[in-house]
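Participant: Here is how the chains run, residue by residue.
Protein chains: 2
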Amino acid sequence: MNIVLDGMGGDYAPHEMVKGAVQAAELIEDDIYIVGKEDMIQAELNKMGYQGEQIHIVNAQEVITMEDSPVKAIRRKSDSSMVVGLNMIKEGTGDVFVSGGNTGALVVGSRLILGRIEGIDRPVLASVYPCMGKEPSILVDAGASSEAKAHNLLEYGLMGSIFMEHVWGRSNPRVGLVNLGVEESKGTSMTKDAFKKLKKAPVNFVGNVEAREVPRGACDVIVCDGFVGNVILKLTEGVAMSILELVKSKLMASIKSKMAALMLKPQLKSLKKEFDYEEYGGAPILGVDGPVLKIHGSSTANAVRNAIIKSVPYSKENVVEIIRQSMLELEEVIEKDEEEYSINE
Amino acid sequence: MNIVLDGMGGDYAPHEMVKGAVQAAELIEDDIYIVGKEDMIQAELNKMGYQGEQIHIVNAQEVITMEDSPVKAIRRKSDSSMVVGLNMIKEGTGDVFVSGGNTGALVVGSRLILGRIEGIDRPVLASVYPCMGKEPSILVDAGASSEAKAHNLLEYGLMGSIFMEHVWGRSNPRVGLVNLGVEESKGTSMTKDAFKKLKKAPVNFVGNVEAREVPRGACDVIVCDGFVGNVILKLTEGVAMSILELVKSKLMASIKSKMAALMLKPQLKSLKKEFDYEEYGGAPILGVDGPVLKIHGSSTANAVRNAIIKSVPYSKENVVEIIRQSMLELEEVIEKDEEEYSINE
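Residue numbers (the numbering used here), protein chains in the order written: chain E, 1 to 345; chain W, 1 to 345.
Worth flagging that the hints you see were computed from the coordinates, not collected in a lab.
Where chains are identical, the list cannot tell them apart; a pair therefore holds if satisfied intra-copy or between any two copies.
Within a straight-line C-alpha distance of at most 30 Å, the following computed DSS-like cross-link-like pairs (lysine-lysine) qualify:
no., residue 1, residue 2
1, Lys90, Lys316
2, Lys186, Lys72
3, Lys72, Lys192
4, Lys196, Lys72
5, Lys310, Lys250
6, Lys234, Lys72
7, Lys250, Lys134
8, Lys269, Lys134
9, Lys269, Lys250
10, Lys234, Lys199
Between the sequences and the hints, there should be enough to build the whole structure, so can you do that?
Facilitator: So, in structure tokens, the structure goes:
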């Protein structure tokens with residue numbers, strides 16, 4: 001299969017992108033197509049002394065920057081690495097797209113160029129959520145779209161479950177709905193409706209999950225609207241960073257504590273790794289008609305390599321096709337559900 | 001002035017309640033009325049050898065439990081410590097009420113018995129939010145009411161600001177709106193509308209605040225709807241606890257790290273104190289026509305004492321009266337606002 005990598009997206013592109021591709025090529029057997037300015041990418045490959053035949057360059061002369069307006073950039077920069085890469089997926093010359101570029105542009109571009117999977121109302125950016133001391137979960141919606149409806153949350157749960165099962169190899173992923181309390185009666189009218197729908201969906205729905213339990217790995221798929229998802233991701237980061245800073249300042253408080261800190265260096269280092277998004281292999285844009293993985297804008301080669309590795313099952317396990325099939329099954333469930341309502345009326 | 005304490009509310013009532021009252025009496029000059037089963041409270045006072053004249057007992061034979069349905073309990077248990085205490089505030093024999101009882105019942109009871117301040121659409125439970133290594137903020141809405149409207153958030157900001165200024169002595173408190181990004185254009189239609197309203201309100205509105213910045217003390221008053229407020233409070237607790245557990249497990253990993261941990265004991269202890277809600281003197285129910293402070297159900301004497309101390313400025317600084325006046329001023333702002341709209345039409 002052909003993995004397509006956005007060579008120009010991200011703060012350290014193309015250097016770290018190319019480096020990550022070279023590292024990944026040693027671990028997988030698939031072809032990697034790096035899209036971007038040919039001379040720059042070739043120069044990076046030369047610098048690394050790459051001689052193999054797995055990595056190919058696809059020339060694209062434009063770059064979508066972080067400052068670009070997403071819709072305009074996708075429409076106007078037709079020779080950008082992102083648009084060219086997404087078109088390769090659409091045309092079938094590429095099987096999966098990995099990019100560290102402008103998030104908004106990647107989401108918009110995926111929708112516009114690849115289109116939605118039939119039955120999906122709203123494609124969505126998911127994010128791997130690091131659970132401390134445990135396997136990570138996936139959070140959907142991480143993309144902070146505007147107001148969500150209950151059926152969007154149903155889609156999020158279904159797609160997140162399929163992704164976790166087939167890409168992360170998590171068997172029978174537990175799908176949880178972020179809510180005020182565990183009881184079915186809790187929450188807004190929207191979450192109550194989402195609860196009812198998720199209960200009927202072909203997923204392992206474990207019910208409402210309180211925010212307190214999210215970092216403890218209470219579920220494999222964390223379902224919430226984009227506003228709440230944004231709060232969860234950013235607050236987790238903010239609290240973790242604040243605590244680690246506080247711990248650091250306490251450790252530096254005295255000579256004795258500094259000595260102790262020195263003794264703890266390996267432990268503190270392994271602690272930091274728990275929060276390292278780079279380990280997690282990218283965030284999928286779920287619901288578009290082709291596999292796309294978003295990596296962080298500040299990704300280094302390590303993150304690029306891990307995302308490329310995860311992109312293999314994302315494509316080979318036919319995640320997009322499974323979502324399509326599940327949406328058809330889901331329609332039956334929803335139709336039956338509506339019939340029930342009409343009988344009761 | 002007369003401070004009214006719910007002697008029977010909380011997991012460790014009446015013991016810890018009475019103990020906290022006795023401790024507070026040594027620090028303040030005001031009278032404390034403990035409401036509850038007279039014999040039990042008297043027995044606790046005797047046990048502590050209390051001989052002073054500052055503490056009084058008001059007999060109430062019923063108790064509202066954590067399992068009681070809030071509305072039913074307030075309506076039916078008219079001789080409960082909570083209902084008797086709230087009635088003392090209404091009748092003016094008490095100046096401020098402190099309770100560690102059933103949160104829902106206390107919010108409902110405050111609304112039903114004290115009523116709303118004129119102009120306030122929705123009274124709300126606020127919560128002190130511990131910022132790591134910094135002075136705490138206040139978060140409104142912490143009570144997880146159902147869907148909020150933009151004008152509710154305006155009220156939250158205004159009331160939270162008045163509370164922080166007059167009870168916590170924070171000068172010109174910074175009011176921030178939890179949102180997806182700092183730009184005015186970010187968020188849902190509701191938060192965008194709330195932004196416009198808060199900008200015109202007589203508060204020091206610092207604009208949108210991202211969740212990442214909340215634990216760093218980005219604002220003194222954290223404004224958000226009850227769903228998001230619940231997520232912020234519980235997730236902060238969950239992340240903090242998970243990290244501290246992880247740190248602990250890392251420290252216990254080897255003999256060397258155990259030794260280091262022993263050396264760090266005082267630092268680790270001071271770290272724990274940063275998260276100690278007991279230090280913060282209770283959460284106000286803002287917008288009801290009388291000062292009410294909610295303390296945690298698991299409060300010990302320490303928390304009771306701190307809440308009683310904070311209840312003094314809450315009453316003496318006329319916070320309720322200032323909120324009433326500000327709502328009148330606010331109406332002028334909103335009216336002018338509406339006039340502007342009609343001119344533009």
